[in-house]
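Protein sequences, first through last, are from chains Z and C.
For what it's worth, the working numbering labels the leading residue of the first sequence as 22, then goes sequentially.
For what it's worth, the working numbering labels the leading residue of the second sequence as 21, then goes sequentially.
Hints in this document: simulated from the structure, not taken from any laboratory.
Some, not all, of what chain C presents toward chain Z, calculated at C-beta under 8 Å:
| id | residue |
| --- | --- |
| 1 | C106 |
| 2 | N107 |
| 3 | A168 |
| 4 | A180 |
| 5 | L256 |
| 6 | Q259 |
| 7 | D262 |
| 8 | M272 |
| 9 | L275 |
| 10 | A278 |
| 11 | M280 |
| 12 | M282 |
| 13 | K287 |
| 14 | P291 |
Computed cross-link-like contacts, SDA-like style, restricted to lysine to any residue with a CA-CA straight-line distance of at most 20 Å:
| id | chain 1 | residue 1 | chain 2 | residue 2 |
| --- | --- | --- | --- | --- |
| 15 | Z | K125 | C | D262 |
| 16 | C | K244 | Z | H76 |
| 17 | C | K244 | C | E86 |
| 18 | Z | K109 | C | P257 |
| 19 | C | K237 | C | A64 |
| 20 | Z | K125 | C | Q267 |
| 21 | C | K75 | Z | H91 |
| 22 | Z | K109 | C | N255 |
| 23 | Z | K50 | C | V167 |
| 24 | C | K75 | Z | T114 |
| 25 | C | K287 | Z | P42 |
| 26 | C | K230 | C | M118 |
| 27 | C | K75 | C | T252 |
Label-pair ranges, simulated between beta-carbon atoms:
| id | chain 1 | residue 1 | chain 2 | residue 2 | range |
| --- | --- | --- | --- | --- | --- |
| 28 | Z | M144 | C | I286 | 33 to 41 Å |
| 29 | C | A79 | Z | D98 | 18 to 26 Å |
| 30 | Z | F25 | C | A136 | 55 to 63 Å |
| 31 | Z | K173 | C | A79 | 37 to 45 Å |
| 32 | C | G78 | Z | I131 | 38 to 46 Å |
Here a beta-carbon is modelled for each residue, glycine too, at the ideal position from N, C-alpha and C.
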Amino acid sequence: MPTFVYMTRCDGCGHCVDICPSDIMHIDKTYRRAYNIEPNMCWECYSCVKACPQHAIDVRGYADFAPLGHSVRVHRDEQKGTIAWRIKFRNGTEKNFLSPITTKPWGQAIPKLAEVPGPSKEMRDGELLYSEPKYIRMDDGGLRTLESAGLKMKMGVYY
Amino acid sequence: MLSINPFAALSATVSPAVMQAYVVVMIVLVVAGTLFEVVHKGSARYFFQNMRNSKAKGARALGGSELVSIAVQTAVVDVLASGEFCNPRRRIAHLLGMYGFVLYVLATAVLVFEPAAGAIWAQLWWLGGLMVCVGGYWFWFFIRVDVAAEGNSPFRLVRADLFILSMLASATLGLVWAWLQARGSAGTMVVFGLYILATTVLFAGVPWSKFAHMFFKPAAAFEKRITRADGTAENLPTQTRDDPEQQKRHSMELLQNAPMDMGLGIKREAPRHY
Chain Z
22 MPTFVYMTRC DGCGHCVDIC PSDIMHIDKT YRRAYNIEPN MCWECYSCVK ACPQHAIDVR
82 GYADFAPLGH SVRVHRDEQK GTIAWRIKFR NGTEKNFLSP ITTKPWGQAI PKLAEVPGPS
142 KEMRDGELLY SEPKYIRMDD GGLRTLESAG LKMKMGVYY
Chain C
21 MLSINPFAAL SATVSPAVMQ AYVVVMIVLV VAGTLFEVVH KGSARYFFQN MRNSKAKGAR
81 ALGGSELVSI AVQTAVVDVL ASGEFCNPRR RIAHLLGMYG FVLYVLATAV LVFEPAAGAI
141 WAQLWWLGGL MVCVGGYWFW FFIRVDVAAE GNSPFRLVRA DLFILSMLAS ATLGLVWAWL
201 QARGSAGTMV VFGLYILATT VLFAGVPWSK FAHMFFKPAA AFEKRITRAD GTAENLPTQT
261 RDDPEQQKRH SMELLQNAPM DMGLGIKREA PRHY
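Using the sequences and the hints given, assemble the complete structure.
Next comes the structure, spelled out in structure tokens:
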């Protein structure tokens, strides 16, 4: 399901070129708009679709399995810290999702890993991973569980 | 020099009637070129078809007052303030170029048809030309996507550059010609000839250049705002976090105490890293 660009929406800002992990989004030399230079190599990661400030990039399903008339569109709102999806099925059903992409203002909670002291030999030989046990809170009242949070496990799918 | 009407000084060589006829021909060429483009590319047919489709899919019908409000917003934000640009540098360059070009063309018409117009019109002509040059050259050498994102030489030319280059050439050669004429230098008429050539290419090249975007873009911006207001939004999500109804969502729990403005993430830096 490679990406494609609505040429009339694109203003050639280059965000997709910058973010594409396959380096296949480029600026067309004649029209000065972005395009996917090698759709076969597209991972369908949606990075460019989310990064495009003009919503000029969409993803085209292969005709043999994608239902015609469907629509999957996304809006990544950096300033509000959310990502929203709108899924339209060809029978008219519509689903909307809204999820957080950050819980803190951007660029203010970057861990200063360069200042962290290197692991001792004992830590290297130990079973614990980096930041354990602190981040799993084993040293702060034990592991957080449903029970410790006063919740109960329910069977089946529920909302 | 800045207060002298350059076209009045030119009338010793070129008759004012010829100059006025030239301006009228240029206006006719722009109108004809735009109409040709509308018919040839089917843009108006596409625009109205898209409007009808969007209206049919729309969750709610828009009233007359809403349409007027959307038209005002489009005019003020998208047209007068170039609100569709995300890159502030491009937006400033566009504003300089747009207002400069309007001033430059308007002042040219006034100076040609009314040689005794006040010094203010000559000054506006200079100001408009300089604004086009500042915005245009800034765009051409530093902001243009081909240069900023792909790292190509600013001197590589393609047909897509017809509009910006002919506009820059027209403004630059016009200012150089007026300057040479005020100094009484030799070669004034050669530069004037090149100025007329560039200006003719600019106005006669409408079907091949992006000149007509000044008519199409406001229509597209208006349509975009309409789709957002009627709920179709080109199938894009319309739910946002500042809606109190959405704040009750389970997925929004983690953002309950977070500020509504998280600042900029990847858009903090201009995309030019590869």
